[in-house]
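Student: Chains as they are written, first to last, in the working numbering: chain A, 4 to 195; chain B, 6 to 175.
Do not take every clue at face value.
What the hints assert, rightly or not - Not close to chain A: a few residues of chain B, all C-beta gaps over 12 Å, as computed:
id, residue
1, SER9
2, HIS38
3, ASP45
4, ASP46
5, PHE111
6, GLU120
7, GLU126
8, GLU140
9, ARG141
10, HIS144
Claimed, not checked - Restraint ranges, calculated between C-beta atoms of paired labels, are given here:
id, chain 1, residue 1, chain 2, residue 2, range
11, A, THR172, B, GLU137, 36 to 44 Å
12, B, PRO32, A, ASP15, 40 to 48 Å
13, B, PRO142, A, GLU178, 41 to 49 Å
14, B, PRO32, A, THR119, 22 to 30 Å
15, B, TRP117, A, LEU174, 39 to 47 Å
16, A, GLY118, B, THR119, 39 to 47 Å
17, B, PRO7, A, GLY110, 51 to 59 Å
18, B, THR119, A, VAL108, 34 to 42 Å
19, B, PRO135, A, ARG169, 36 to 44 Å
These aren't lab readings, by the way, just hints derived from the structure by calculation. All C-beta atoms, glycine included, are put in the ideal place defined by N, C-alpha and C.
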Amino acid sequence: MRREEALRAIYDRLNGTAVVTIMGAVAAELQALGHCSNFFYLQHGMGLASSVGLGIALSRPELPVLVFDGDGSVLMNLGGLTTLARYRPRNLLHVIFDNESLLSVGGFPTATATGTDLAGIAAAAGVPRTATVRSVEDFVQEFDAARESRDLATIVAKVEAIGPARFVTDLGLLENRFAFARCLRQMHGEAV
Amino acid sequence: MPVSLSNSRVVFDALKACGVRLMSALPETWLVHLIRLADDDPDVTLVRLAKEEEGVGVSTGAHLAGVKSAMLMQNHGLLASVNGIVSCAQLYRIPLLMVISHRGAFGERDPWQTEGGAVTEEVLRTLRIPFECLERPDHVARRIADAQTLAYSSNKPAALLLCRELMWED
Numbered sequence: 004m005r006r007e008e009a010l011r012a013i014y015d016r017l018n019g020t021a022v023v024t025i026m027g028a029v030a031a032e033l034q035a036l037g038h039c040s041n042f043f044y045l046q047h048g049m050g051l052a053s054s055v056g057l058g059i060a061l062s063r064p065e066l067p068v069l070v071f072d073g074d075g076s077v078l079m080n081l082g083g084l085t086t087l088a089r090y091r092p093r094n095l096l097h098v099i100f101d102n103e104s105l106l107s108v109g110g111f112p113t114a115t116a117t118g119t120d121l122a123g124i125a126a127a128a129g130v131p132r133t134a135t136v137r138s139v140e141d142f143v144q145e146f147d148a149a150r151e152s153r154d155l156a157t158i159v160a161k162v163e164a165i166g167p168a169r170f171v172t173d174l175g176l177l178e179n180r181f182a183f184a185r186c187l188r189q190m191h192g193e194a195v
Numbered sequence: 006m007p008v009s010l011s012n013s014r015v016v017f018d019a020l021k022a023c024g025v026r027l028m029s030a031l032p033e034t035w036l037v038h039l040i041r042l043a044d045d046d047p048d049v050t051l052v053r054l055a056k057e058e059e060g061v062g063v064s065t066g067a068h069l070a071g072v073k074s075a076m077l078m079q080n081h082g083l084l085a086s087v088n089g090i091v092s093c094a095q096l097y098r099i100p101l102l103m104v105i106s107h108r109g110a111f112g113e114r115d116p117w118q119t120e121g122g123a124v125t126e127e128v129l130r131t132l133r134i135p136f137e138c139l140e141r142p143d144h145v146a147r148r149i150a151d152a153q154t155l156a157y158s159s160n161k162p163a164a165l166l167l168c169r170e171l172m173w174e175d
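Just chain A, with the same shape it has in the complex (with noise of 0.2 Å):
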């Protein structure tokens, strides 16, 4: 599957809940389709996007968080899993598209390419619910289930390793960053 039609498949989904993005494709791909004042984009700070979604998670325990990681960023916060799984936040909803590689910065491949399995650090770590899956179907699937079971999830999402043709958008970062903290204070989601 391409990372953006799983994007695009779940993307009127994301109406109300907290968005986190990390940089590169995942962050260009999911403005392409359409920004949103409630999507947040790490375009630095590798690793942290997890642990940012756990923030506001923890902050917000009636709101729902959704984490777009990637598995480059996973490998750099590894420690990051266990922090999420002990607090186990019900509202965050952690989803990792693994295409094992670098794909912004030449597409090196990451220790996925050779058989680590996110789905099972994940798991080992204490995330109550995870699943890998590998087709769109599957990916709709699992997230609706996911957000269903209301508790902490992470699904690992096999996506090819291609990207968009540009990575850089018109929206300022700071410009992104304080329109989505305005944006929370103006959500009232339910309790979880």
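Fit chain B to the known structure of chain A by using the hints.
Tutor: Just chain B now, with coordinates in the frame of chain A:
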């Protein structure tokens, strides 16, 4: 263990008085009482980290979600967090409040702490992070409040160094 419980409580109470409701921490000797106080307080969410840099992300998320937070860490935790501080907290103008035990300064007996102590203040200056030392209980509340005020008015990190005079009784 001659870590000052009473001064740890002064620091903890000052953070709470500033509205800090989330503290991330990685244990170290000087922080034991502070972490226990945070753990025992129902008004404070304590996030125990695997590595300090995660705390930059957690505090960033908390700030974006409208919650005041602080990181409790050793100066080696500051060193372990530098990329996150620069490429997350500074890039995104987050008022990150860091409370850092200043190991390895004058009086340090543990040989393994001495290199970190020698570079801590220079690293903070190089990162252009304003900091003050907490040495006596009578100025703790004022300096913590002032650090947080500057962090919020500038939308930038600020640091407080927990010094031996404050934290260690011998």
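Student: Is 39 to 47 Å right for how far apart the beta carbons of TRP117 of chain B and LEU174 of chain A are?
Tutor: 46 Å, holds
Student: Within 39 to 47 Å or not, the Cβ separation of GLY118 of chain A and THR119 of chain B?
Tutor: 42 Å, holds
Student: Please check whether the beta-carbon of GLU120 of chain B is more than 12 Å away from every beta-carbon in chain A.
Tutor: 23 Å, holds
Student: State, for the Cβ atoms of THR172 of chain A and GLU137 of chain B, whether the hinted interval 36 to 44 Å holds or is violated.
Tutor: At 40 Å between Cβs, range holds.
Student: Is 36 to 44 Å respected by the C-beta to C-beta distance linking PRO135 of chain B and ARG169 of chain A?
Tutor: Hint holds: Cβ distance 37 Å, inside 36 to 44 Å.
Student: Taking the CB of PRO7 of chain B and the CB of GLY110 of chain A, does the distance hold inside 51 to 59 Å?
Tutor: 55 Å Cβ-Cβ, so the 51 to 59 Å window holds.
Student: Is ASP46 of chain B truly not at the interface, in the sense that its beta carbon sits beyond 12 Å from all beta carbons of chain A?
Tutor: 15 Å, holds
Student: Just double-check PHE111 of chain B for me: nearest Cβ-Cβ distance to chain A has to come out over 12 Å.
Tutor: With a cut-off of 12 Å, PHE111 of chain B remains clear of chain A, as the shortest Cβ separation is near 33 Å.
Student: The output says ARG141 of chain B does not contact chain A. Does that hold with a beta carbon cutoff of 12 Å?
Tutor: 32 Å, holds
Student: Check the non-interface label on HIS144 of chain B: least C-beta distance to chain A beyond 12 Å or not.
Tutor: Nearest chain A Cβ is 30 Å from HIS144 of chain B, so the label holds.
Student: Please settle this one: HIS38 of chain B was flagged as non-interface, so is its CB more than 12 Å from every CB on chain A?
Tutor: Non-interface label stands for HIS38 of chain B: nearest chain A Cβ at 22 Å, farther than 12 Å.
Student: With d taken as the least Cβ-Cβ distance between GLU126 of chain B and chain A, does d exceed 12 Å?
Tutor: 24 Å, holds
Comparing the model with each numbered hint stated earlier shows that all of them hold.
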